[in-house]
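Enquirer: Sequence:
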Amino acid sequence: MSDMFFDNIFTDMAQHERIQGSAMQLQRADDQLKEQVRLQLGRAGGVRDQLAQAKQDTENAREELQRIRAETFETYGQSTYQGQNADAPPPLGVTR
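Reminder that position 13 of the sequence shown reads as 19 in the working numbering, one-by-one numbering, no gaps.
In short, the hints are calculated from the structure, not lab data.
There's no promise every hint is true.
[Stated by the list, open to error] What follows is a set of in silico ranges between Cβ atoms, one per label pair, in the way DEER data are often shown:
(1) 39 with 76: 51 to 59 Å
(2) 56 with 20: 49 to 57 Å
(3) 73 with 98: 19 to 27 Å
By construction, the Cβ of each residue, glycine as well, lies at the ideal position given by its N, Cα and C atoms.
Using the sequences and the hints given, assemble the complete structure.
Expert: Given below as structure tokens:
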């Protein structure tokens, strides 16, 4: 009877130690996962900021391009009507 009693105690203790070891591994994995989530959220925030800046830069470039196009058309239109650009074809609807 005493052999059975001690075998069960030692077996139970070994099993309990394995359970505690597994619990500690799970806790470490949980901590590492939380750290990775924190890092990735930080990266996502940084990328979101870069995206917003790129969007603003693109909008500014579009506005600048539109301004340059408008100036070009105004300049071309004025020089055509003033006879400074005789080699260029007249705008649609204008005859020489």
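Enquirer: Determine for every hint whether it applies to the structure shown.
Expert: How the hints compare with the structure:
no. : hint                   : verdict
1   : 39 with 76: 51 to 59 Å : holds (55 Å)
2   : 56 with 20: 49 to 57 Å : holds (54 Å)
3   : 73 with 98: 19 to 27 Å : holds (24 Å)
The structure meets every hint from the earlier list without exception.
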